[in-house]
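Take the given structure of chain V and dock chain U to it, following the hints.
2 protein chains.
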Amino acid sequence: MQTRLLGTFEIDHQKLSQDLDVISHFDFDEPYIEFSCGYPWKSAMVWTSGGVLGDGVLSRYDNRQPCLPTANGRKLAYVREIIQNFFVVEHLLFARVVVMSNNVLVPHRDFLELEDKSKDEKVAHRLQVPLATSEDALFMEENVIYRMRVGEVWSLDATRLHSAAALTDHKRVHLILDFADTGKETRLVKFGEDRSAGIPDTNLAKRPALSAGDRDAILGMSKVIDMDNFKDILGIIIKKHYRNDAGEGFVWETMREISRLSGDPEIEAHANNLYEHYVLSRTD
Amino acid sequence: MQTRLLGTFEIDHQKLSQDLDVISHFDFDEPYIEFSCGYPWKSAMVWTSGGVLGDGVLSRYDNRQPCLPTANGRKLAYVREIIQNFFVVEHLLFARVVVMSNNVLVPHRDFLELEDKSKDEKVAHRLQVPLATSEDALFMEENVIYRMRVGEVWSLDATRLHSAAALTDHKRVHLILDFADTGKETRLVKFGEDRSAGIPDTNLAKRPALSAGDRDAILGMSKVIDMDNFKDILGIIIKKHYRNDAGEGFVWETMREISRLSGDPEIEAHANNLYEHYVLSRTD
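Protein sequences appear in the order of chains V and U. Per full-length UniProt numbering, the first sequence starts with residue 1, numbered consecutively. Per full-length UniProt numbering, the second sequence starts with residue 1, numbered consecutively.
Here chain V stands alone, though its shape is the one from the complex:
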């Protein structure tokens, strides 16, 4: 499994616009808030096991019932049409509408927290369907920065280090579909899959290299960091990674180096604990 553009489908912009208007009035949850550096990442469950709305934390759902639209999902005619026409609902575990603006997510790996479930109930495939986006809505996988566009369907390898960014007030809205493990050959989509591997060149965000001077200035924040602004400084480093190529591992290496240089054992321990939590223990 690798992150790749699965394919494209034709969007009905009028129907989409009606659903986006309904979505803008949703009462969102703010689960996984510890991942956000900026405005909280918001989520509304639209299909779940038994149609239960819940609180948006995936590990709290009982996945043994058939996947059905929630109270939110029943209000979204076009999203329902997209799900039923283009995806194999039989293997669907969750569908969520997620909204981001002025926010970057801490680079992390996923799926470990669901490991105590059986194969049929465990999220094995995560697909993303952008519903509203902009040029400042970006994704990161290791040292690759890319854009997903409306009309595209993406498959993500969430076990690799990844993050998302909305460096703008504009609300980026994605439909995220989580599927159970179906065995290698089972298809999850009902449209012609793009057989090209990986992330197309036209989706890549080209970045200039980070200069040595910029790197030193960023490390200089070791003299400013404290427990009150720790998350702000982590957010600044993540944003720099989205705009400048500073090599794989830049975010966590820089955050840990700043924390070490601060000379404050509490800050250094906090950085190492977060690194352990987001990067090391979340994968197998």
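Do not take every clue at face value.
Any copy will do: because identical chains look the same in the list, a pair fits if it lies in one copy or spans two.
As the list claims (entries may be wrong) - Here are the simulated DSSO-like cross-link-like pairs (lysine-lysine), alpha carbons at most 30 Å apart as the crow flies:
no., residue 1, residue 2
1, 206, 15
2, 223, 171
3, 171, 231
4, 223, 15
5, 190, 15
6, 231, 206
7, 190, 231
8, 75, 231
9, 75, 223
10, 122, 75
11, 231, 15
12, 75, 206
Quick caveat, the hints were computed from the structure, so don't treat them as lab data.
Only chain U this time, still in chain V's reference frame:
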């Protein structure tokens, strides 16, 4: 009018706890989002002219109807009891429940945006009634940092440069009451007012002076600032002001100096425009 502790009343903690539980399930608005550096400041209107819920932006309400509980307010038995027992509802324009966590507000002055309304419809007195708070929930007025505690009622001079901070995950919940201009002698509260002037010593947050080295390190962020992280850096400076005494005017002077030192005309202009908006044009 000066910012001062108006008085105290005895809290019924059991009734308060029931209301706080109801409040935790409110569908909040996020008005004035441009003031937040961190998680958005959230507000739920509980009394308004005619009981209209609206969107939380005060200038959009028609204040000519009597002030009544909204759909939110009708769910809060104890807040209603507090308002009716301790305040002169006749002069009330708005009551709001506001929630903050992991956030600092940009230092600003208030009330200019309502100036086209007549005297009876215009907010002239802003009272704050803390419902849930912590030692890391702080307030700023010019170069004074202080705490408001549950059971206290405060009158704020919102025309002076002020800000609020919740340097914690803990949700700080306040009831804010806005009253019309009643003439000097009219009382707004129905309890014995504390006649001592200003902010009591026991409410002040003592801060060590900011060292010259810390000041230089903060100015060093001029080499890191860009349009993506502008608000993050503003937030870091505001937090430093809450924890260290660096003199009156520190926040805006430092933000404008960092922006000037960045050498980027877009950043410098942005800082000056924000200063104009938050500090100069919001007062008369």
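Output the numbers, in ascending order, of every earlier hint that fails for this structure. The structure breaks hints 1, 4, 7, 8, 9, 11, 12; every other hint is satisfied.
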